[in-house]
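Listed in order, the protein sequences are those of chains Y and P.
According to numbering that gives the first Met the number 0, the first sequence is numbered sequentially starting from 0.
According to numbering that gives the first Met the number 0, the second sequence is numbered sequentially starting from 0.
Simulated from the structure, these hints should not be mistaken for lab results.
Certain hints may be false.
Below, a list of computed lysine-lysine pairs in the DSSO-like style, where the Cα atoms sit at most 27 Å apart [stated by the list, open to error]: (1) 65(Y) <-> 90(Y); (2) 65(Y) <-> 82(P); (3) 82(P) <-> 71(Y); (4) 184(Y) <-> 159(Y); (5) 132(Y) <-> 48(P); (6) 165(P) <-> 149(P); (7) 159(Y) <-> 82(P); (8) 82(P) <-> 90(Y); (9) 82(P) <-> 48(P); (10) 82(P) <-> 88(Y); (11) 132(Y) <-> 159(Y); (12) 71(Y) <-> 15(Y); (13) 71(Y) <-> 132(Y); (14) 90(Y) <-> 159(Y); (15) 15(Y) <-> 184(Y); (16) 159(Y) <-> 71(Y); (17) 15(Y) <-> 88(Y); (18) 88(Y) <-> 65(Y).
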Amino acid sequence: MLNFVDTVGEAVAAVKDGSTVMIGGFGNAGQPFELIDALLESGATDLTVVNNNAGQGDQGLALLIKEGRVRKMICSFPRQSDSWHFDAKYKAGQIELELVPQGNLAERIRAAGAGIGGFFTPTGYGTMLAEGKETRIIDGRGQVFETPIHADVALIKALKADGVGNLIYRKTARNFGPIMAAAAKHTVVQVSEIVPTGSLDPENIVTPGIYVNSIVRIDSSGAAAAGTAEQVA
Amino acid sequence: MSLVETSIQTSETPLGRDDLARMVARDIAPGSFVNLGIGQPTLVSNYLKPEQNITLHTENGMLGMGPVATGDQIDGDLINAGKIAVTELPGASYFHHADSFAIMRGGHLDICVLGAFQVSATGDLANWHTGAPDAIPAVGGAMDLATGAKDVFVMMTLLTREGASKIVEACTYPLTGLGCVTRVYTDKAVFLTGPDGVRVRETFGCTLEELQALVPVPLTAAPAVER
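Given the sequences, and given the hints that come with them, work out the whole structure.
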């Protein structure tokens with residue numbers, strides 16, 4: 000069921016205490032800042048968050064972590080020069096970390112959306128990140144068994160949506176959007192523009208609308224923009 | 000450079016970072032698909048020539064990456080793996096993260112160039128974590144790159160600040176990948192690593208004997224055909 004909503008608060012209402020939330024973005028590219036701000040505002044807590052990083056500076060995911068809303072991070076690269084809120088929580092033992100090689104993170108997310116129960120990958124074989132995991136030699140190479148990462152809600156950012164929820168992205172801001180949209184039970188998308196159904200070339204759709212549940216348009220000032228339903232009618 | 004023909008010493012002095020980057024760029028075969036890691040390897044892009052027709056991959060989801068963006072070119076939606084604004088070249092393509100790492104893991108990249116803390120005699124790589132108890136571990140795409148590319152080139156100084164060789168019998172830092180490194184470009188020599196041990200392609204500012212005194216694994220001169 001696809002809903003066009005007028006406020007970011009409505010858009011993130013599907014996130015409950017204890018939810019696993021995938022948040023798109025690599026660095027600032029593709030990061031749904033307005034949805035993250037709304038999640039902070041909503042008060043939802045005890046969250047497991049899946050993102051490539053663990054927040055930067057004093058915005059977005061970093062603030063969710065600072066406010067103690069995140070119980071566990073599943074990510075590939077938590078430590079950055081400006082990840083001070085994560086660093087402090089981690090050193091204080093107040094946040095759990097599941098560190099995953101970036102390609103395994105992406106493939107585990109993809110596997111969840113594709114209904115795969117797990118896969119063997121050479122990445123990480125023989126390293127401390129494979130400790131305790133099942134391994135096999137396949138085609139002469141050591142491989143590690145990795146399991147899918149499912150989520151209750153995905154919060155992602157795309158460039159445009161049409162009236163049936165088909166999405167296109169912009170440049171490297173695409174990153175985790177398409178695979179997170181498929182991996183979550185409920186996918187929330189913030190877009191810059193909502194266009195009439197039929198105006199996106201079907202050959203160029205990146206995320207088909209079947210994966211999308213809620214769409215909110217964020218105008219260039221960062222405010223949720225009303226009137227979206229009329230635009231797509 | 001006026002050295003006897005049998006010598007593998009090709010420079011009177013150690014190479015600087017830019018000289019080394021120029022050499023790596025020269026060694027990349029025309030038409031290759033290449034990923035340059037963050038830090039010193041990024042310098043290689045400064046020396047790739049258009050006629051080499053090299054396509055650069057960045058793991059956040061792009062092939063055909065161009066030079067670093069300046070001025071009006073800067074676009075927050077167009078960044079590289081180091082989160083630096085870059086440009087796109089004609090023929091560029093974008094794809095999602097799972098596809099980007101499938102490009103690596105699937106063996107489609109010809110070469111990746113990475114930095115390292117240590118490389119073992121058999122090409123094991125340690126470059127992601129010091130293992131210090133108070134360090135927050137962060138791996139990013141290091142293990143995927145090390146495992147996936149057909150050739151893994153390492154660029155590093157041969158010695159640590161304390162003077163210890165970073166080419167070691169067995170890595171003491173946590174591993175990134177096993178037996179994955181094929182070449183190591185350092186300020187003092189280029190090493191070829193693999194199951195047959197460590198061969199030296201050329202030395203800079205030292206002889207093979209002087210180099211051997213610094214490196215705790217047996218070194219042999221690479222056959223001329225591999226130089």
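- Are the Cα atoms of residue 65(Y) and residue 82(P) separated by 27 Å or less? 23 Å, holds
- Taking 27 Å as the top limit, are the C-alpha atoms of residue 15(Y) and residue 184(Y) close enough? Within the cut-off at roughly 13 Å; holds.
- Query: Does residue 82(P) pair with residue 71(Y) here, judged by a C-alpha cut-off of 27 Å?
  - Reply: The hint holds at about 24 Å.
- Would the pair residue 90(Y) and residue 159(Y) pass a check requiring their Cα atoms to be no farther apart than 27 Å? 40 Å, violated
- Message: Given the hinted pair residue 159(Y) and residue 71(Y), is their Cα-Cα distance within 27 Å?
- Response: Violated, at roughly 31 Å.
- Given hint residue 88(Y) paired with residue 82(P) - CA-CA distance at most 27 Å: 24 Å, holds
- Item | Hinted pair residue 132(Y) and residue 159(Y), Cα distance within 27 Å | The hint is violated at about 40 Å.
- With a cut-off of 27 Å on the C-alpha distance, tell me whether residue 159(Y) and residue 82(P) pass. OK: residue 159(Y) and residue 82(P) at ~23 Å, within 27 Å.
- Straight-line alpha-carbon gap residue 82(P) to residue 90(Y), limit 27 Å: 25 Å, holds
- Query: If you draw a straight line from the CA of residue 82(P) to the CA of residue 48(P), is it 27 Å or shorter?
  - Reply: 24 Å, holds
- Message: Does residue 90(Y) sit within 27 Å of residue 65(Y), going by the straight-line distance between their CA atoms?
- Response: Holds, at about 13 Å.
- Query: residue 15(Y) and residue 88(Y): Cα distance at most 27 Å?
  - Reply: 22 Å, holds
In this structure, the earlier hints numbered 5, 11, 14, 16 are contradicted, and the remaining ones agree with it.
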